[in-house]
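Undergrad: Turn these sequences into a full structure, and let the hints steer you where they fit.
Now for the letters of each chain:
Number of protein chains: 4
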Amino acid sequence: MNESGRVEAFSDGVFAIAITLLILEIKVPEGAGEHLWTALGAQWPSYAAYVVSFLVIGIMWANHHTVFGYVARVDRTLLFLNLLLLLVVAALPWPTALLAEYLREGEASHVAAALYSGFMVAHAFTFGLVWWWLTRTGHLFDARVDVEAARATRGRFALGNLIYPALVGLSFVSAPLTLALHGAMAVYYALNQLPIPTKEGAGEGAGEGGTT
Amino acid sequence: MNESGRVEAFSDGVFAIAITLLILEIKVPEGAGEHLWTALGAQWPSYAAYVVSFLVIGIMWANHHTVFGYVARVDRTLLFLNLLLLLVVAALPWPTALLAEYLREGEASHVAAALYSGFMVAHAFTFGLVWWWLTRTGHLFDARVDVEAARATRGRFALGNLIYPALVGLSFVSAPLTLALHGAMAVYYALNQLPIPTKEGAGEGAGEGGTT
Amino acid sequence: MNESGRVEAFSDGVFAIAITLLILEIKVPEGAGEHLWTALGAQWPSYAAYVVSFLVIGIMWANHHTVFGYVARVDRTLLFLNLLLLLVVAALPWPTALLAEYLREGEASHVAAALYSGFMVAHAFTFGLVWWWLTRTGHLFDARVDVEAARATRGRFALGNLIYPALVGLSFVSAPLTLALHGAMAVYYALNQLPIPTKEGAGEGAGEGGTT
Amino acid sequence: MNESGRVEAFSDGVFAIAITLLILEIKVPEGAGEHLWTALGAQWPSYAAYVVSFLVIGIMWANHHTVFGYVARVDRTLLFLNLLLLLVVAALPWPTALLAEYLREGEASHVAAALYSGFMVAHAFTFGLVWWWLTRTGHLFDARVDVEAARATRGRFALGNLIYPALVGLSFVSAPLTLALHGAMAVYYALNQLPIPTKEGAGEGAGEGGTT
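Protein chains in written order, with the working numbering: chain A, 1 to 212; chain B, 213 to 424; chain C, 425 to 636; chain D, 637 to 848.
Errors might be hidden in some of the hints.
Result set (SDA-like, lysine to any residue): computed pairs, CA atoms no more than 20 Å apart in a straight line [to be verified]:
| no. | chain 1 | residue 1 | chain 2 | residue 2 |
| --- | --- | --- | --- | --- |
| 1 | A | K27 | D | E661 |
| 2 | D | K663 | C | V452 |
| 3 | C | K451 | D | L798 |
| 4 | A | K199 | A | A72 |
It should be emphasised that the hints constitute simulated quantities derived from the structure, not laboratory data.
TA: Shown next as structure tokens:
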């Protein structure tokens, strides 16, 4: 367990499998006969939940990958915290299917959306734990990382994490709107890279212009 | 996220999982008793859809792999466009199961075949977006690629993409014929490599005679 | 597509996923109440089919891996033949579930066992095609392989393939016996390596004493 | 099959897939309407079983990875014993679903917990076989390993394996308590690394302070 590369490869596998299992929540309508278009149209919450969760897991993977690209050593605590993070990621097909099932069902839609948002809170929390441990220990990072500057980002990490609890609250107003905002945030984070402070220049985006 | 190799490994994982999940759409006939041969024979649309989708995803993987073999750098836009491409690929077990379910059901067979063909259009479109971004930016390619010549291939890419919309139209004539043509196109593309223009010689097939 | 390593990694992924999806064919008995032991015991065909298919796919992977360890170049034909091989491997969870479902059902058990054995014939056939193409072209092998000696093994490959058609025949005598023999053959092949003739000494087992 | 790295990559794939398939045992409550919170709450055994099995498989992976990090050569016997180990790991989603289904059902809960614990015994046994073969042959290890000291650990391995049979016994007292103890042991092993005796210093944890 001494190579961050192997931990990352295992994590990548879990991300890739979880993202691909999402499609299993979309069912084939049975016995629709001549009304197949209608039956397919009625399943729109499944499609919406699939697209949003796909983008969300894709971005989670990208951010996980960016951080681990700067990790040179893995200790048992990091291993365990990463396992907790993966436990949340691998679970995502379930709240996705739940939200798809109940998105149009009044009271239940709020419960499902709150639980879906709660998984995002849990992911942000476990991701924050990984980051907190990396910045606290310092020596697990590779030599490029400016550990002091990285420590200073903890507050910003925590701030970003306030958005997800807010979406838990919004779930009780409108489940479809909550799902749409999760999608919008995924697109936003897709195009705006998580910055890792490096010694050459704090705030430089990880991997910008990097070569293979 | 600065190594094209890691993006490709993640993508390869999604392709490998999606292609292997296809088998889940073929069901075990229940309670067939002495009529098992008959019950198995009646499932031929599932077998046909499995074989065609397997070849289709296999070729999609091969072409994706060929293109990314010439990518040296990955920026956030490419990451996002590739994620959209994977979103379509990972979804393919669903239209496959849908087409298998409705292949013999008159009106519904046309709807299912059109949707199946629509996913191929969507794949060709997202693949075209990836190629457009790579040729537009230029600097993401590695040094072997002749960027000017690569840009000139955009028209050919778009032309090739006209076949899939035509198959959407054909879906309303005959669903089995549409499926058969998707299979034929997969075999054709399997044996005819996507050419990437390189400086040593435009039109040379990617990787011909390459060594490990 | 010019690196045999990437084709092998993709193939390894398909093998690993197919072998792990096998468990989905074993169901949790519902509403068994106090009779759970009995209900679990009644599912023995599922356990037997799981164990045999797991070993079979494991050995298929090992042999595939041994052969590709000597492949330096991949052309489009090899890519396509390998895709056909993977098409059969990825399908194996289905005949496994089918045989488990019908193993004790008289006439239907013979049909299921014959189909299961038929998939082994299909695998041996596609594996034979890959080997035939490798020995026919010759230049796809890496420098260690004695191409002439490898060509001479074709007959032995074909001979080995006679066992599986025989098991198709045996299926109509006894399905459980057929399944047991598939398991026995997997254990036999697990411990007896596929030999690849090399220049240093024809008949030397691939990788014996090899280092990482 | 001559590179321990490839055997490990295949094994890693099986671990990653098995751990991610666990989520499929958690169902979406159907038709819960306004009582969704209640319906979700009633599923707590599924959540508990998911979390415990996720941690258990995660730690199994970490330990497997630690041992194989010291393996330089793979012979056919090791290949086969590793395949048996993977057969048990890949099966774990099934006893997990079984225990979740019957955790609150009196007599049946004891049967399900005993079977779940039995799979842990089986895993410890196959892991012990792999370790026994590695220490018996000796030459499969890489040069860092102190083979004599490694042999001396066999007794400790066997001792550790006594805990799991004890949990089989405890299953007949309380299934939830048994599940909780499996979880506690996973957390314990997560934070306490399996030591591999090396020549530089027996008892040193594998990979402590290692670099990529």
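Undergrad: Now, for every hint given, state plainly whether the structure supports it.
TA: Now the hints, each set against the structure:
no.: 1; hint: A/K27 x D/E661; result: 17 Å, holds
no.: 2; hint: D/K663 x C/V452; result: 13 Å, holds
no.: 3; hint: C/K451 x D/L798; result: 29 Å, violated
no.: 4; hint: A/K199 x A/A72; result: 16 Å, holds
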